[in-house]
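**Student:** Please build the complete structure, drawing on both the sequences and the hints.
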Amino acid sequence: MNIENTKAQMRKGVLEYCILSILKDDDKYASEILEALKDAKMLVVEGTIYPLLTRLKNAGLLNYRWEESTSGPPRKYYALTETGKLFLNELNGTWDELRNAVNLVTNTK
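Quick note on this note's numbering: the sequence shown kicks off at 1 and runs consecutively.
It should be emphasised that the hints constitute simulated quantities derived from the structure, not laboratory data. All clues stand as given, with none of them false.
Below, a list of computed lysine-lysine pairs in the DSS-like style, where the Cα atoms sit at most 27 Å apart:
#1 K24 <-> K38
#2 K85 <-> K28
#3 K38 <-> K57
#4 K41 <-> K28
#5 K85 <-> K12
#6 K38 <-> K85
#7 K85 <-> K24
#8 K76 <-> K28
#9 K12 <-> K41
#10 K24 <-> K41
#11 K57 <-> K28
#12 K76 <-> K12
#13 K12 <-> K38
#14 K38 <-> K28
#15 K41 <-> K85
#16 K76 <-> K38
#17 K7 <-> K41
#18 K24 <-> K12
#19 K57 <-> K24
#20 K7 <-> K38
#21 K57 <-> K41
#22 K57 <-> K85
#23 K57 <-> K12
#24 K28 <-> K12
#25 K41 <-> K76
#26 K76 <-> K24
#27 K57 <-> K76
#28 K24 <-> K7
Just so you know, these numbers come straight off a predicted model, no measurement behind them.
**Tutor:** Shown next, in the form of structure tokens:
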């Protein structure tokens, strides 16, 4: 069994939650989301994030708007919808429960 594959699967399992959390306070364009994930050591590549953003948009959790950029083509800024905010709130509770359960099982704090 390859440990790197297992680590990648663990990160993928929380990626949607992390993206919604990144967008909770401010609209962001994909590069900013990607940078925040990389800063958090989520090791995400562009090819992973765009289909995920599209899926979240199609699920009604995100919307986007185009904004002109002074340094290139227009940028697509993503934002949480009201449904997305409610969904994130629900995931926050689920994350707390999951983290506590894993900590109990693994005897960590």
